[in-house]
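J.: Taken in sequence, the protein lines are chains A and B.
Residue numbering for the first sequence follows our numbering, beginning at 32 and increasing consecutively.
Residue numbering for the second sequence follows our numbering, beginning at 227 and increasing consecutively.
These aren't lab readings, by the way, just hints derived from the structure by calculation.
Treat each hint with caution, since some may be false.
[What the hints assert, rightly or not] Simulated coverage check for chain A against chain B, where a stretch passes if three residues somewhere in it have a Cβ under 8 Å from a Cβ of chain B: (1) 98-106; (2) 109-118; (3) 122-132; (4) 136-146; (5) 183-194.
[Unchecked claim] Partner residues aside, some chain A positions facing chain B, computed with beta carbon under 10 Å: (6) Asn83; (7) Tyr84; (8) Gly168; (9) Ile172; (10) Glu255; (11) Asn258.
Keep in mind that this is a model prediction, so the values were computed, not measured.
Note that CB positions come from ideal geometry on N, CA and C, so glycine has one too.
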Amino acid sequence: MAALVSIQKVSKNFGGVWALRDVSFDIEEGEIVGLVGPNGAGKTTLVKICMNYLKPSSGFIKYRGLKITGLSPHKTCKLGISMTNQIPKVFKRMTCFENVLVGCIYGAGLKRNEAEKEAERILNMVSLSQKKHTISGELTIFEQKLLDLAVALSTNPKFLMLDEPLAGSTEKEIVQLVSIIKKLRDQEITILWIEHVLSEVVTYSDKIVVLNEGRKILEGKPHEVVNDKRFIEAYVGEEIA
Amino acid sequence: MKGWSNLSSNRTKLLSILLTSCIIVVIPWVLRGYPTLFLLQLAMNIAFAQSWNLCFSYAGLLSLGHALFVGIGGYSAVAICNGGIPIHISILVGAFISTFFAVVISPLFMRLRGVYFAIGTMILCSSFQYWFMHWTEAGRALGLRLRFYPEYSLESCYYFSWLVAFFATTLSWITVRSRLGLAARAVRDDVDRSEGIGVPSLLVRTVIFAISAFMAGMVGGVRVAYLLVVDPSVFSFELSLWATLAVVLGGAGTLIGPILGGALITLLQHVLMGLPEISMLITGIMLILIRLFLPGGLVSIIKKASLLLGVCRRWLLS
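So that you can see chain A by itself, here it is in the shape it has in the complex (with noise of 0.2 Å):
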């Protein structure tokens, strides 16, 4: 069976500094895939590669089987392809049922009233359905996290970019995102997982890509990634649980 997701040979030079240089794996359907490696190594810029809000220098995604690379971030996402941000990025003046709303009727192409339906569903699984009405720039940044996981799920993705969601979250707010994420590989959504804290990523991954200085180092099980040598040589000094 192909790949949902094929990285092949992307690059990307940010005015004579390589972030990502010849990456290339797959992704396959309904996997969970671990991005892992020290900051600076090109996971974000590979996520804006396949979200089409950057172009690679060179190299190409396939998603289905189809080169989607040089589309328009809106048409990326009517294919089911949807990501998370490091930062929330919400719409700060809208409310919350409003932020969900716009990616149910413009992202999953829904009917109005369908679409207020999947946007209450949506907010009550990110449990937000309490601050429905609130002011989406009022949330705490966790729940700016939540609301950016929420308005991500509204276009109804098949394939979900997480972009460090557990950074910078308390254990009872890990606890919390990493149900949520279990909740998505259940609805069968192939994600994309870049994170720092690695021992999440290990229990829940399929696969682990470790990126070092915009190269692929490793690819691999999560058990032989942790213990191979040069994973540990590009985090030393990092603890792993």
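Fit chain B to the known structure of chain A by using the hints.
T.: Quick look at chain B alone, frame taken from chain A:
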């Protein structure tokens, strides 16, 4: 009792709209001459403010050259009407030409974000002023004169301008509540994020800009219908600025704001007509005072008043 504590209930709104409409219809019969002229200009200011408000408050497009569409609407209406077409049709066609122009410049202008969009629209509007100043067919500095048309009267212009004001307000109301309005607000808050969740942001902004240009084009047409002349001063920065002032003073992001603001600036324009040398100074001071003490604009007075009224009522009854 319920009507008092909840002044914004639908019945109260409907009643106040009906009452206002009745007053508007009756006024030219009761107060002839100057008051009618005053209210005519008030209606046009409201329509123009609604046009600017739709762009700025709901799509985040800060246009400082909105007079451009008034000018294009005005010049087109004169040219068409002088060709022998009835005035009302000319105005409508002029507004469509304005809309078309907005659509044509959108692919380029929507690439400019925030303050650069403001600078771009401002420069475009001024270049039009210079162009029309030197365009022989458009009458250079003297502009174009509308041939006298049979239906001309202050009253007919008055009713037509109120029709346009009503139309602009209703169109804004419909747009804001539609899915287009929802998408526009998302684009306003974060262009990239809205793109990423399936909103075609360029299209959304273009459509909002075009609707706004249509309203402004209508204003341009009505302006010509009662002044009987249009000259390059229609493209002046002051005219664009009045729309901005009306919205900021009245309350941005609401539909009542531009109405209140439109009324206030019409009053200002008439009061300050005798003091041209300090008119802008006084307007500026007023803007600063309102921004400092009523950041929400005049609309917030209504909200506060209705709250206070509710409190008083409860206090009296208890």
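J.: All hints, please: hold or fail.
T.: These are the hints, each one checked on the structure:
Counting residues of the segment 98-106 of chain A whose CB lies closer than 8 Å to any CB of chain B gives 3, which reaches the minimum of 3, so the coverage claim holds. Beta-carbon proximity to chain B at under 8 Å applies to 4 residues in the segment 109-118 of chain A; the threshold of 3 is reached and the given coverage holds. For the segment 122-132 of chain A, the assignment as covered by chain B holds, since 7 residues bring a beta-carbon within under 8 Å of that chain's beta-carbons and 3 suffice. Counting residues of the segment 136-146 of chain A whose beta carbon lies closer than 8 Å to any beta carbon of chain B gives 6, which meets the minimum of three for the stated coverage.
Coverage of a stretch by a chain is defined here by at least three residues with a beta carbon nearer than 8 Å to that chain's beta carbons; for the segment 183-194 of chain A and chain B the count is 3, and the condition holds. Annotation: interface hint on Asn83 of chain A holds; nearest CB of chain B at approximately 9 Å, less than 10 Å. Using the Cβ-Cβ criterion of 10 Å, the hint placing Tyr84 of chain A at the interface with chain B is satisfied: the shortest such distance is roughly 6 Å. Taken as an interface hint, Gly168 of chain A checks out: its beta carbon lies about 9 Å from the nearest beta carbon of chain B, inside 10 Å.
Below 10 Å, beta-carbon pairs count as interface contacts, and Ile172 of chain A has none with chain B, the closest being about 16 Å; its hint is therefore violated. At its closest, the beta carbon of Glu255 of chain A sits 34 Å from a beta carbon of chain B; the interface hint therefore is violated under the 10 Å criterion. A least Cβ separation of about 37 Å between Asn258 of chain A and chain B goes past the 10 Å threshold, and the interface hint is therefore violated.
In summary, the numbered hints that this structure violates are 9, 10, 11.
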